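Q: Sequence:
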Amino acid sequence: MGGSPPASFRRRPGKEGIPAPPGPWGCQPLGLVLVGPKNRNQASDNSGGPSGPSAPANPPSQVDDADFRCEFPGCNRTFPTNRGRGVHHQRAHKDWFDARLQPAVDKVRWTAEETAMLARKEAELTVESNPRFINQELLQYFPQRTLEAIKGKRRNQEYRELVEEFVEEFRNPDVITIEDDEEDEEDQRDIFLDYLESLTRPQGREFQATRLHNIAMEARTSGKDATLQKIALYLREVFPAPPPRRERRRKKTPNPAPMRKREARRCEYGAAQSLWKRDRRHCITNILNEMGPVNQPPRETMEPYWTRMMTTDGRTSPPSDKVPIKEDIWTPITGNDIKRSRIPRASAPGPDGISARLYRSIPTTVIIRLFNLLLWCERLPEDLLLSRTIFLPKKTNASEPGDFRPITIPPVLVRGLHKILAKRLETALDIDPRQRAFRSMDGCADNTLLLDTLLRYHRKQYKSLYMASIDVSKAFDAVTHPTIESTLISLGVPPPMIRYLGQVYANSRTRIEGDGWTSKPVHPKRGVRQGDPLSPILFNAVTHRLLQRLPREVGARLGNIPINAAAYADDLLLFASTSMGLQQMIDTMTDYLAECGMTINVEKSMTVAIRAAPHLKKTAVDASLSFSCGGRQLPSLKRTNKWRYLGVVFTPEGRAQCRPAEVVAPLLGALTKAPLKPQQRLYALRTVVIPKLYHQLALGAVTIGTLNKTDRLVRGALRKWLALPHDTPNAYFHTSVRDGGLGIPAIRWTAPVQRRGRLLGVMKALGQQGLDRFIQDELNTCKKRLTDHGVLLGTPEMVAKRWAQQLYGSIDGAGLKDSAKTPHQHQWIADGSKFLTGKDFINCNRARIGALPTRSRTTRGRPQDRRCRGGCLAQETLNHVLQHCHRTHGQRIKRHDAVVKYIARNMPRSGYEVHQEPHYKTELGLRKPDLVAVLGQTAIIIDAQVVSEQTNLDDAHTRKVAYYNEPATIRAIKAEHGVRTVKVTSATLSWKGVWSPRSAEELRKLGFIRAGDAKVVATRVLIGNIAAFRTFNATTSVEHRAGIG
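When you read off a place in the sequence shown, starting at 1, and then add 17, the result is the number in our numbering.
The set of hints was computed from the structure by calculation and includes no laboratory data. You may find that some hints are simply not true.
As the list claims (entries may be wrong) - Subject to a maximum C-alpha distance of 27 Å in a straight line, what follows is the list of computed DSSO-like cross-link-like pairs (lysine-lysine):
{"#": "1", "residue 1": "278", "residue 2": "294"}
{"#": "2", "residue 1": "480", "residue 2": "655"}
{"#": "3", "residue 1": "659", "residue 2": "111"}
{"#": "4", "residue 1": "411", "residue 2": "709"}
Since we're looking at a predicted model, the values are computed, not measured.
Please model the complete structure; the sequences and the hints are all you need to start from.
A: Following this line, the structure appears as structure tokens:
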């Protein structure tokens, strides 16, 4: 009820005293008059009767609080004011309220869009036939207007000028004349050979580079056909074909005897650990199983369906326009092109068996010659035209052939070449900026922000908006090959490249691979190959021509900026300010897609009609207004309906509130039940589960309370997995691994940071379209959410610093403050490996954060005895138990020896002769360093120590070095080992497994520890702590002596 005056409301009767017809749900339509708020009994009844003090009062039954009862059938809520009831109607019964408001939403004013449409139609009729009775002709196209309204509009001077502009456009279209020059095209072909002949002869025999060089040198005289045959023979000999794959035959085994639960659990654990070792990502995906059971149809169903889909011939095509040719696309490939277009190592191999790793190992000089020869020939060898097609499920519980997306994988060599050509096309072609998929921009953020802005803007400004979300049915698989050719011609692609792509699509073959079976080669006659780097840019080019066809005069307005379409691949949005304009754009799109061999999926498409009532300062979503597509009606949404666009949930009011906790809870439950180690669960949570939320949280609508609830769910699962008490600092969970925490992102801070970053990224692109003010409002919201005690935490680094400061400021986390100074020492937390058993991993974490149950910890906040159970005259803190108590003395020695033995084990690989605990008699007494390493004329003293968490680690290291680095000890060592130089260092750690930065750096420079050794030594200390604590609890001896707390 924003903008309504402070007054009560009453319904008024229809015109001339006739009641308005009842609306849906049996309620009267909304016709409102203002009634003074002071005395409801004296309000006018709008019928011309007496009013004021002399007017008769209403019956008492109509003036009490129950008079303002909700009018929605079945809702018995009452309100003290009419305004409160109106707010309730609008928020609690949205669809009923919109239907009730419809009769008041009679739009009679001419909009700018409708005026432009009328002017274009008049200009079109004038140029084509110049009818005598043009008003009657226009009335046929605009039946919602009266004849007098059309006559009045045509008398407007601005309208007449607009008609003249359209007439001039129809009579003098832009014509570009292109002169064909065959000599220039011939010169264009020769530039490849000129470039190849300018290259120096390669050195070395790897991949038979000399042979390929000779093929390039002989190409001018051999001709294209002979050169292509030589290249095919070269590829067969250098990259032999893999052995044919055998179809898997599933053995029919008798039903095995039922296993016990424990045996079944062990089998599940073994299978999960084996899969984790081979492919962690695949293992996590199987455990989470978000897609549900995928039952790929049998070969008898799958192969005919997709064979028919691929081989259905499509010869339709929109007409092409001649434009200037962009010659810079078809030029020789250089080393820089290859470096900028590397194939990822994890990319799947094609049917030729050549892996991405093998392709990346091929010398650049070989690839340059091979690719340029193929471009000069304008064809590919037959072996490179064979691909393989696999299928990925598109939705949960996929079981039908249409539920799968075909991914055609060409050979790696073809993908490398086409990735270079795709980058050139992306740079050279002027694709419509409304198509935001497969481009160097954040297209998801752009489109979702644009849609949200339009919906909220028109609702806030009380303007009409008509929107359609169009889904093209199997767009990538249905577009015809002639459409691709005509599109490339219309965009100025050089003819040699068009011929090359025409040969590729005309001669390509693919094998369909299903669940254990492979078909014979199939020749696709339509569609672009999903899996080929060229396919996205080719599809963008096709949609570019569609967007150019849409009428410019139709569209919604954001301020003064017209916006009529937004596209992300085959997901298309259309916007208009009139229903007639939206229907015209839908018809234009349907006709163009039919020319391209594509159709609209009516079931997955939908429309939203937001009609404005500015005099009431309201908008209504009209679900009764329908739009058609190819003779079929598109679904119309109500205000309460939701739909998903690019992973973000929307309603006609804008972004819907997303609830990440509902997504996280089942995933956490799946990880809890999974046969995984705790460190593997942490790895899955950090790398898969939480990143799944980023897109929706960064682009969707979410409250701080929802984010905090999600974080509480995650921390609850972590406490369960790691057996941590409830009072473990929250900062320990969210501090980065480098800073000493578990490294689990806090959704409360990560989501606003990511949204702010994406908003800043789209500010430049969408700010020019009138969204700068809205984006700034969203940025201000993010700023409020990211402000902590007056400080803006706008980057992930600042958030990480905040968590680290909170951890170091707590009692349990203070001893981790030097964690970031030594790299990789806490990597055992994040790598998810089998380096530790699950039990040791849990215990190491409990020891590191001080969560072991000592008297001092379990009696926090309670006046109970905290003295050491060993009889020490000190408080029983974990520091006392592990560092000072007489009960743990033997385990402290073992902990110390474990550190020494691990470091000593690494020394011989550097050539050192190692002496463990040698005795040196000096003037100052007996010296027994832990290790003395001798190499040539140099001896190195290393003494290990595990110190208190409160000790300055570098100072402890300095004191230990000073203890041995005195003249008497140095002379004794030189005399004993006959060396000239003696160096002294230490292996200093706190009992929390934190290295002294100087100690770790010195040992690393000496070669005694490597990057992975720091984490091993740290865990040796933590495991020693666990053994010491167990010994403390198992020992019953009591000695009454002073101790240190």
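Q: For each hint, tell me whether it holds in the structure or not.
A: Right, here's what the structure says about each hint:
no.	hint	in the structure
1	278 x 294	holds (24 Å)
2	480 x 655	holds (17 Å)
3	659 x 111	holds (13 Å)
4	411 x 709	holds (17 Å)
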